[in-house]
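Chains as they are written, first to last, in this note's numbering: chain A, 1 to 247; chain B, 1 to 247.
FYI, nobody ran anything at the bench for these hints, they're computed from the structure. It should be emphasised that the depicted structure is a prediction, and the values quoted were computed from it without experimental measurement. Please note that the accuracy of each hint is not assured.
Chain B is faced by these chain A residues, among others (derived, beta-carbon under 7 angstroms) [said to hold, decoys possible]:
1. T90
2. H142
3. H144
4. G185
Some chain B residues judged to face chain A by a derived CB distance under 7 angstroms, without partners named [unchecked claim]:
5. E83
6. H155
7. R194
Where a beta carbon is used, it is the ideal one built from N, C-alpha and C, also for glycine.
2 protein chains.
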Amino acid sequence: MAQTLPLNQDITLSVIKTACSSCNLRELCLPYGLNLEELERLDDLVSTRRRIKRGDHLYRAGEAFDSIYAIRSGFFKTDVLLEDGRDQVTGFQMAGELLGLDGISTEHHTCNAIALEDSEICSIPFNRLESLSREIHTLQHHFHKVMSREIVRDHGVMMLLGTMRAEERLAAFLLNLSQRFTARGFSHAEFYLRMTREEIGSYLGLKLETVSRAFSRFQEEGYIAVQQKHIRILDVNGLKALMNHRA
Amino acid sequence: MAQTLPLNQDITLSVIKTACSSCNLRELCLPYGLNLEELERLDDLVSTRRRIKRGDHLYRAGEAFDSIYAIRSGFFKTDVLLEDGRDQVTGFQMAGELLGLDGISTEHHTCNAIALEDSEICSIPFNRLESLSREIHTLQHHFHKVMSREIVRDHGVMMLLGTMRAEERLAAFLLNLSQRFTARGFSHAEFYLRMTREEIGSYLGLKLETVSRAFSRFQEEGYIAVQQKHIRILDVNGLKALMNHRA
DNA sequence: TTTTACGGTTGACATGGATCAAGCCAACGC
DNA sequence: GCGTTGGCTTGATCCATGTCAACCGTAAAA
Numbered sequence: 001m002a003q004t005l006p007l008n009q010d011i012t013l014s015v016i017k018t019a020c021s022s023c024n025l026r027e028l029c030l031p032y033g034l035n036l037e038e039l040e041r042l043d044d045l046v047s048t049r050r051r052i053k054r055g056d057h058l059y060r061a062g063e064a065f066d067s068i069y070a071i072r073s074g075f076f077k078t079d080v081l082l083e084d085g086r087d088q089v090t091g092f093q094m095a096g097e098l099l100g101l102d103g104i105s106t107e108h109h110t111c112n113a114i115a116l117e118d119s120e121i122c123s124i125p126f127n128r129l130e131s132l133s134r135e136i137h138t139l140q141h142h143f144h145k146v147m148s149r150e151i152v153r154d155h156g157v158m159m160l161l162g163t164m165r166a167e168e169r170l171a172a173f174l175l176n177l178s179q180r181f182t183a184r185g186f187s188h189a190e191f192y193l194r195m196t197r198e199e200i201g202s203y204l205g206l207k208l209e210t211v212s213r214a215f216s217r218f219q220e221e222g223y224i225a226v227q228q229k230h231i232r233i234l235d236v237n238g239l240k241a242l243m244n245h246r247a
Numbered sequence: 001m002a003q004t005l006p007l008n009q010d011i012t013l014s015v016i017k018t019a020c021s022s023c024n025l026r027e028l029c030l031p032y033g034l035n036l037e038e039l040e041r042l043d044d045l046v047s048t049r050r051r052i053k054r055g056d057h058l059y060r061a062g063e064a065f066d067s068i069y070a071i072r073s074g075f076f077k078t079d080v081l082l083e084d085g086r087d088q089v090t091g092f093q094m095a096g097e098l099l100g101l102d103g104i105s106t107e108h109h110t111c112n113a114i115a116l117e118d119s120e121i122c123s124i125p126f127n128r129l130e131s132l133s134r135e136i137h138t139l140q141h142h143f144h145k146v147m148s149r150e151i152v153r154d155h156g157v158m159m160l161l162g163t164m165r166a167e168e169r170l171a172a173f174l175l176n177l178s179q180r181f182t183a184r185g186f187s188h189a190e191f192y193l194r195m196t197r198e199e200i201g202s203y204l205g206l207k208l209e210t211v212s213r214a215f216s217r218f219q220e221e222g223y224i225a226v227q228q229k230h231i232r233i234l235d236v237n238g239l240k241a242l243m244n245h246r247a
């Protein structure tokens with residue numbers, strides 16, 4: 001049956017649709033700044049798309065590394081496990097962000113990447129990305145910027161964990177989510193959390209009860225409206241003020 | 001006077017000595033894995049050495065970024081400042097390690113790098129490093145590994161700040177220092193701290209008093225001998241056990 | 001519709017580390 | 001030699017967050 005199917009417009013379109021060159025995230029993701037010809041060369045490399053169901057691993061700590069992943073849609077968390085069972089969420093990633101950069105260092109993944117909702121990712125074989133970025137200066141430079149941005153982000157988290165108190169951490173967390181949703185064209189003021197209180201707590205170095213209490217407190221103060229995972233930010237400046245409060 | 005000076009052997013030698021190809025840190029630093037010809041091409045790029053006196057800044061947050069720096073000798077800290085005056089030490093760097101990777105992202109440095117003892121650094125103009133790594137695959141790959149290693153290291157710090165208690169953090173810190181001194185051919189068991197208790201505390205998300213008490217406690221337990229900045233590790237396994245103690 | 005399960009909320013209490021305060025030690029200048 | 005200074009140690013007390021426990025709400029399963 002497939003062989004009798006005409007190569008019509010629809011098929012062409014659907015092929016194009018899986019390519020970076022027609023991805024609506026290209027201004028956020030790896031293709032940023034590339035011209036059309038360069039984009040097409042990147043397309044060759046990013047051919048594989050994969051669906052990851054909610055709760056499934058994209059990769060696990062210890063597995064051999066050979067690709068990095070761009071999130072096409074959905075939501076992930078990454079976490080690190082200590083031998084003694086403690087674990088720490090190291091980040092939450094959304095559409096247009098890259099996963100797997102930690103694996104380059106040892107050629108093995110050093111954390112787990114788990115989908116928090118049904119998601120779709122693009123695999124980018126790393127050795128091919130390296131060779132292409134030897135040819136496309138813009139791609140090389142942008143990739144370096146992405147890695148560097150990850151380092152800067154991590155410093156921000158260290159700041160948060162090292163110097164902020166519970167409510168400041170949560171305020172920073174909400175403002176960060178809000179800003180990232182905005183960059184993706186969603187409402188800055190209203191969104192659904194994809195993660196549990198426990199996962200938020202793990203990321204922020206707090207217990208889930210503390211997260212829950214802080215949410216309640218924010219609601220009492222009129223900064224936000226919470227109902228379970230649904231968040232509405234009512235007073236951005238209030239949250240910002242709270243964050244920079246201490247001397 | 002300078003113009004009458006003969007171009008003698010000594011001068012040639014001193015020039016060679018400032019090159020990566022004859023640097024005894026090359027197996028730890030950027031040149032790792034390069035062959036002789038490649039090393040010489042890197043030498044062209046890393047011509048500038050600079051001395052930084054104890055307490056001086058190598059760069060400051062906000063300054064334009066154009067180079068990364070390799071530590072030739074000495075010891076640095078990096079820190080981030082919040083508007084409200086709080087600050088957090090994000091890392092301590094020693095010989096063979098790179099500084100400034102955070103600046104690639106925004107083309108401005110995002111943290112301060114301060115020498116904790118009189119130090120010497122090699123400047124590496126970043127655009128030239130990028131073009132050279134487009135030509136030398138090994139260099140490109142190694143640079144990516146170094147950036148990735150920084151990300152992994154930061155995850156380790158997040159783990160530490162997010163899930164460990166004071167004594168565990170300090171034990172992890174001492175073991176990490178010890179391991180890095182070992183990699184540089186120094187004693188794994190005996191060393192001088194270059195940073196104050198306050199700087200350790202800032203890095204570990206603790207107050208200086210807590211750091212001091214933890215040192216005293218380690219000494220009472222016979223894990224270490226401390227005298228001011230001089231540390232002797234008496235029981236590595238004790239420290240390791242302490243780190244993995246909790247369930 | 002009822003049951004079950006999981007995540008979330010809230011309260012009471014415990015505690016690790018922060019804070020405040022005093023004093024000590026070593027290096028340095030006078 | 002003596003005072004000063006900056007960093008370190010130690011003690012007493014306080015408080016933010018952890019811990020433990022009960023209960024609630026929502027959504028999926030029966």
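Here's how the hints hold up against the structure:
For A:T90, the interface hint holds, since its Cβ comes within 7 angstroms of a Cβ in chain B; the closest pair sits about 5 angstroms apart. About 10 angstroms separates the beta-carbon of A:H142 from the nearest beta-carbon of chain B, more than 7 angstroms, and the hint is not met. The interface hint given for A:H144 is met, as the beta carbon of that residue sits about 5 angstroms from the closest beta carbon of chain B, less than 7 angstroms. Given the 7 angstroms rule on beta carbons, the hint for A:G185 is violated: about 23 angstroms separates it from the nearest Cβ of chain B.
Nearest Cβ of chain A to the Cβ of B:E83: about 6 angstroms, under the 7 angstroms cut. The hint holds. Interface hint at B:H155: satisfied, since its Cβ lies 5 angstroms from the closest Cβ of chain A, which is below the 7 angstroms cut-off. Because the closest C-beta pair between B:R194 and chain A is about 20 angstroms apart, greater than 7 angstroms, the hint is violated.
When held up to the earlier numbered hints, the structure conflicts with 2, 4 and 7 and fits the remainder.
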